[in-house]
Every structure is written in structure tokens, then in C-alpha cells.
Amino acid sequence: SLSKAFVAKAASSLLAQRQELPLRAAQRAASSVSLAAESVSLGQKRLGVAALRRPLPHSGAGLGVAAVAAGLRAARRRIAGSSSRRSSATVVAAATSSMEAPTEILRQDYTPPNYWIREAKLAVRIFPGRTEVSSRIQLERREGVSAGSSLSLDGESLKLQRVVLNGKELAEGAAGYMLEADKLTLSGEALLAGEAAGALELEISVEVVPEENTQLSGLYYSGSMYCTQMEAEGFRRFTYFLDRPDNMAKFTEVRIEADEVKCPVLLSNGNRIEAGKLDGGRHYSVWTDPFAKPSYLFALVAGDLDSIQDKFVTMSGRSVHLEIFAAREDKDQLWHSMRSLQKSMKWDEDRYGLEYDLDIYNIVAVKDFNMGAMENKSLNVFNTSLTLARPDTATDDDYERIESVIGHEYFHNWTGNRVTCRDWFQLTLKEGLTVYRDQEFSSDLGSRAKVRIENVRGLRAAQFPEDSSPMAHSIRPEKYAAIDNFYTATVYMKGAEVIRMYETLVGRDGFRKGMDLYFKRHDGSAVSCDDFRAAMADANGRDLTQFERWYLQAGTPVVTATDSWDAASGSYTLHLKQTVPDTPGQDGKLPMLIPVRVGLLDRETGAELLSDTVLELTEVEQTFTLKVSPAPAAKPVPSLLRDFSAPVRLEYAYSNEDLALLAGNDTDSFNRWEAMQRLGTKAVLDALASPNIEAYQPDAAFVEAMRLTVTDRVTDDLSLIAYALVLPTESTLGEVAKPPLDPTRLHAARNRLRDTLGAALRTEMRQRYDELVQPAGEPYVIDGPSSSRRRLKNVLLGYLSTTGDAESLGLCAEQFSTAGCLTDKSVAFGILCNMPDTPQAKAASEAFFADAKGDSNVIDKWFAAQARADVDDLLPRVRKLMEHPEFTMKNPNRLRSVTSVYLTTPQFHQPDGKGYEFATELIQKVDALNPQVSARLASSAFRTWRKYDEPRQKMILAQLEKLSKVGLSKDALEIVSKMRA
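The sequence shown: position 472 = 472 (full-length UniProt numbering), numbered continuously.
By construction, these hints were calculated from the structure, which means they are not laboratory data. Only a predicted model underlies this, so the values are computations on that prediction, with no experimental measurement involved. Cβ atoms here follow ideal geometry from the backbone N, Cα and C, with glycine treated the same way. All clues stand as given, with none of them false.
Derived SDA-like pairs (lysine to any residue); straight-line CA-CA distance at most 20 Å:
id : residue 1 : residue 2
1  : 262       : 329
2  : 842       : 802
3  : 627       : 566
4  : 682       : 695
5  : 627       : 567
6  : 853       : 885
7  : 627       : 612
8  : 183       : 102
9  : 331       : 308
10 : 880       : 890
11 : 738       : 950
12 : 627       : 575
13 : 925       : 881
14 : 479       : 527
15 : 925       : 879
16 : 914       : 950
17 : 880       : 845
18 : 880       : 849
19 : 627       : 611
20 : 159       : 172
21 : 121       : 252
22 : 682       : 756
23 : 479       : 106
24 : 970       : 107
25 : 168       : 195
26 : 682       : 739
27 : 890       : 210
28 : 627       : 570
FRET-style restraints, in silico, Cβ to Cβ:
id : residue 1 : residue 2 : range
29 : 604       : 950       : 45 to 53 Å
30 : 653       : 314       : 53 to 61 Å
31 : 954       : 653       : 35 to 43 Å
32 : 211       : 167       : 30 to 38 Å
33 : 776       : 278       : 55 to 63 Å
34 : 847       : 924       : 33 to 41 Å
35 : 954       : 214       : 31 to 39 Å
36 : 278       : 332       : 29 to 37 Å
37 : 657       : 335       : 49 to 57 Å
38 : 912       : 652       : 39 to 47 Å
My request is simple: use the sequences and hints to build the entire structure.
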């Protein structure tokens, strides 16, 4: 039997959200989305690698330092100077748009500002329909800048009241300031006169209207509170400032004034130093943050909130006050977040020796939020979907996701806040590193194998398609028009894999030494990815020059492996060849430094002949010889790319027998799961190639492997069995299927395999399902074994329901009505939504909505389950959902629960093209309200269009042409322009 833990949970929730949220939300996914085929919600957790062995020497001369440096210089020239190239497709020509592409900012053009803002004091006075923001900032001319140089401050959608320099009010004009739509420029003449007086103190007063801010960037009003979202460029919508990450200022005083009844809670960064009452029923609060920070980390919240409180005692004995705020009716859903925060603080001390540095740590839950969460110094702002949890409002995946995202934001205190980015091109420096850290956090607290497989599953579903699309970019992009468009799977998820490769190369202890040196050198600074790489290299005495190519070159490398065996000498020879594909703007790629973990298994017994070994592939082609003693007669079966040691595609001619042996015997849990995924992929692609999909029958050996998985009573972690039964996602399958791709036919092929497995294994699946049903009255327990039990049960329910007959309906209806938690209830409801016109489905829909009792997160799940239903007439049903009184386009969570979910379904690609027309209509409407969200919708809808068959390409191209001419925001236009390029 398949008795070892070898699989992990599919990242379906990430797949459904991968473009809808900025990738802050793709790693911090805001809502639970289940795989329709399996009818089980599969969340997103994370994992890292164990300490790895040093690489073996290999044959070949290798690359010397000089050769690598020369190659890097050539790569930089190629990247900077190459023109965009279009990937091959049936439709290769796009008409020239009447609208110019948005202006792009280039990484190579980075220059620091003429002046730094070293200190800032703010006064924020909130009134209904009007908020006054006054700033007093201390300027310092940068060394090497000539006296009398001008200063440009960023600002958008602001009503300027006055500008005062050193106590003297300036007038608009050449001698004072110049005002443009996106900046305020102080003249060199005024600044020169100010410096002559010995100081540069600038006062600026503006007005904003947060109640009208539908972009949810800057200061805006949400429900019963005012709150801010400043990353990446929201502070410029709050007041004029150097709104760039390399300007780190101390916000020594932030005074907030508001109505005491409407806004009894007033919060900002740091520690509160004063509070009191004012005339007219108003009050104030004053905050100070002793740590310098860029403007994107500033936060302010004012509203009618309730909270829970606790504390954490640091490793040096300091007591930190912890408080989490939410709407009053949600207060009882905050305790899981509090416990997750305390676990995060303890883990960062234990693993990295990093202690929290202030006396207060606050979190606020907000319903209207573009992102998943935000790491503002000591005042995190979270989407409610990532903070609120109770057994009747959150699924098992929600509980896991909240824990990991709470950890992610807390870990930013050091990797992002104490050490931040020099410019936004370095975004992966903080996000890739912190995603890696939260993956390790989840791994240490749970199942390392399970989390690792989840992460890779998510990478393949979201990032691999991005890397092969017109949106392909390196983890450190070379240019952008709207930085909000680069909170992507590449920057976050591939960025985390790049960080993980450092640990693979230098080991866990070496990685910790590199981190220690990084903080020692750069605490309190804004730095670059090169600084991090230098710290890792210097701390471990390694030359990592070639490793920079992971930051420079886009695309997913392909590693092709061939091998031979000499039984007489016990020599196993492995030949590896790497190819880095051309991507838009980059061709002629140079070879990467790719760590490849390998092992060898005995073909006859399945025993391990060679344990984990790391080979370093540095050239286009290399040959490695591994010695085995005692040597078996038959060629060993290689276990390649163990633990997914590099974010690459591996090509090796595994036979089905090889894969079956790896699935049952490999000591590497990831590769056991990977073997089953390869078997499943082969089966689906065979069905796709079949002239009659409905008549396809899978290979008997694969069915038997699945039978052994269902009946496995040895594996302790039942979630691993559940994940083994989940077929590869259609997004992943679409990446390996040969173009041109018919997504409707691919869906039919996968469904056919699922249906035949469900029919062939019905007896075994029903028996196992019945064993896992929770006895009536047994309390709901939130822990690993209990959630694993539910997960396997719900995967089996999905297979048992494929027939849609009376027995299936009855089984789903019974689980729905008797469910003791939202996990089981949501899964049953999702399956019933695939049969929407049955009495059972209609009754479940009414009951689910009524039981939600107005809880927004549960209602989002009600919408999402229907928006992903596997029915042919899905689009009319989606349009009807959008007419529901509870639907609104102004709330990102609610909008995504219907529209973003629909855009990821196979039904979106119906041959009539109505789905594509709907997407165009939707993007235009949303763009007028929230450009960040509209850009994500555009990417989600059309990113992979060049892989499809000719009719679909033509229909999508027509929609892109239409979008290019309707006056979109720069956010959405950048996406559309790249799609068409």
C-alpha cells in the first residue's frame, strides 16, 4: 500500500485568487475556494526544506568568476536593450491601439532624491466629508547635491491649502512652488533661501475626502471606520511627501482628531503618548514611532471598534501589549488571530533570534480592503477574511490561512520594516523573503511535507502560467508603469523559491549566518536584492555571482535529464541540460545556477541506494557521476529534484512503472506526491488526445494506485491521502498540454478521469467515507488530525457525487444538514451547486444564506460556491448573482467572490465568447471605481490567451483591442498593453 506521507493539499484557493488580489493576497489569499472537481476547499500553507548536504563535485570545467561576471554583464545588456518578442501563437498580429501605452519607469534609472525627509509630524483632523491633513517635515539636502536644487514631492487627488517654508508662506510660481497633477515642486530659489537661514522646515496643509475614495488607496472610509492603505503609493493620496521606499523618516508625532462618538478609537504607528477631549464632542490621540520608516508603512485608523487584548513577553523579558480591533459584532471572532500572533512572535525569536521592538502591537480588521493584509509598523491592517474565525464562519483552511498570514505580516517587522527596499523594483527583497519565512513558520508548526507540496502546487497553478505569458517578468522587474501590477506570483512565490535555493546551497546554519549578517549590515536602511545576496555570499565564503541571474532573467527554466548505469563499477551517470526560454523583452538567456537534489532507488526493492545529494547545475549541459555500493544489477530509478529544490520544469522519461515505484517507496515526500501527479497528468492528457473523451478509460495500473491510496490505513496524516487523490489542476495541466489548447475539452478530459475513478472505486470510497463521518454530537475540534479527517472525507464525497444521481444528492444533502462545522457544510453546498436546479440544492442555498446571519465572510462563500458551479449556463447565473441585493462592486471581497471566481472557471471559455465579452464589460466598470482591482481582473481573464485555439485567440484579441481604446487607468492599461504586445 502507499503507506508513507507523500502528497499535499492543492492550492485551489490561490488559483482562484492568483490575479484578483495583489500577490500580497495571492500569498495571503482572502477567501476559500474549492476545486470543483474534488469539491473540497484546499487552502494555502507553506513549508521549507531541511538542512541539505553539500553538493558533490561534478565533471566539467565549470564557470569561473570572470566568465560569470562577463556573462552577467551581457545578460544585463540584453535585458536592457532587447525589444519585446511575442511568443508563437496562431494569432500573431495585433492592431496598433489608438491609445499610447502608459509611461514606464526603469530600474536602471534609479536615483535618490535631492533632499531627504528625516522627520515628520502630522496632524489629521477628521470631519464628515472632509479631512484636513497638515504635515511639518524636516528636510536635509542629500550629500553631493548642489545648493539651490529643487524638490519634487508626490501627491495625487489632494486639495492644497498652503505651503510654508521656515515659517514663510510660499506662493505658486517660479520663486515658490509649482503644482502639477501628480507632484508639488519647491523651487531651488526658495530652498536656497531656506538653507541660508540654517534649516529647512516645510509645512503643508491639504484636504482629502476619504468618503469618496473608492480606490481604497490612501485614506478611505470603510463601514464604521476611516483607515489607510499606503503601499505602494497611497501616501501621496494623503498628503504631499517623498512617497518612495528609500526615504526613511521618523514620524515623531501623529495627532489624530475626530468625533468621539463616531470614532472613539484613534490609532497610528508606534506608541500612544497623549490623548484627551476637545470642544464640540471631539477628542484626540497622539502617537510616536521611534523607528524611521518609509511612507508606505504609515497607518491610521479611526472608528467605532471593539477589541480583544493580551500580551507577549519577549525573550529579553519585555511585556508587549497586543490588541486586535474589529467591528463590535465581530469581536468574538478574533481569538484565533491573537493566538497566531503570539505563535509568530515566539517562532521568530526561536528561529532567527529576532525580538519585537516596540511596546504595542495592534491589528485592525477591515471589510473593504484591496489586499489581504498590510504590515504597517506596529499597526497591521487586515482584510476581515484573514482575521475573523469561528467554527460557524470559517473553514479549516481559513484557520490555517489566518495563522500563516498573521505570521507573514509580523515577520515583516524585520524583513521589510527594519530593513526595507531601496526602490519598488526590489519588492521581492521583502516579499519573497517574508513568504519564505512564513512558509517555514507553517512548516515548523505543522506538516513540513504537506506544506511544501501546497507551496509548489500553488506555484505551478499561478506562477508558472505567469512565467510563460505576456506578463512574464523576473522577480526583480526591469520596468513598470504601475507598481501595483507587480504584486505578482513571480515576485512573491518565485521570489520565495529563490530565497529557498540560498538555503539549499549553504544549508540552514549557513542561511542563518547570512541573515544575521544582513541585519547587522543593513538594520534601519533601504537596500537592494544585491545587498541580500552579498550577505549570503560573504557569510558563507561563497561566490554567488551567477546566482544573480535568478533576479535578472524571467521564465521558468527547463531541466532535461538523461542517465546511464554501469553495474560493474556501480557508476550512475546523470546528464543534465538546462534551457531558459525566451520571454517578452528577453532572449538569449544565460545558464542559471540550479541546485538539483537527487536520490537513487533500487528498481527491484524500492530501497534507497543514494540519499539526498545536491548537484549544482551551472552550465548549459553537465554530466555528474554518482557511485553506488553495493551496486544492483538493474539501473536505479532516480528521484530527481527532491523537495522541489529549484523552481524549474523537470523533463525525464519516467515509465509508469518508475512512477509507481517512486510513489510507493521514495523517502522524499514531495517526490512521492509528484509521482502520483505525473501519473494523473499522463492520464488526463491521454484522455484529451482521445478522439472520444467520453469513452476514455484510464490505465488499470493508475486505477489500482488510486485504490491503494483510498484503502491506505497506515499513513497517519489523513490529509496526505486526501491530497494524493486530487488530480492536477487544469491550470497546471494547461501548462504541460501541447498548444493550441481547447480549455473546454481539457475540462471534459479531467472530468472524465475523475468520473471513471469515482465509479471504479465507489465501494472503497463509500466505505472510507462512512468511517470518517463524525458521530452526531461530537464537538468540532480545530487541530491537524481533525482537519485531516474532514479533508479526506470531503475529497471522497466529491468523488462519490460525480454521478449526480439520487444517492449522490442524498449523501450531499445529509452532510449539509448534519454538518457540525462550516468546512463540511461548505463542501456539501459546493457540490450541490453543481446540480443547481434540484430541490436539494435550492433548499441548501436558502439555508446557507439564512444561517450566515449577515456575516460578510460567509456570504462571500455563498456567492463563490455558486459562481464556480460546474454548469453550462454559468454566465447567466453569475449575472443574476450580481443583481442580488448583497452584491456590490465597491467591496473587493464581494466583487471577487463572484466575478474573479467565475473568470477562473472552464465555463468562462465557452466557445461563444460571451465570457470574454462579460470580462471586458466588467473591467471597464470596475476600473472607474478601483484601478488596482480592474487590473487584476484583466490579468486573470486574458493572461494565458496565446495558448488557446485560434477561434478563442481571435475573440480575446478583439476584447483586448476594445479595452485599449476606452480610456482605462494606467494600472489596467499596462496589463492590456502587455497582453497585446
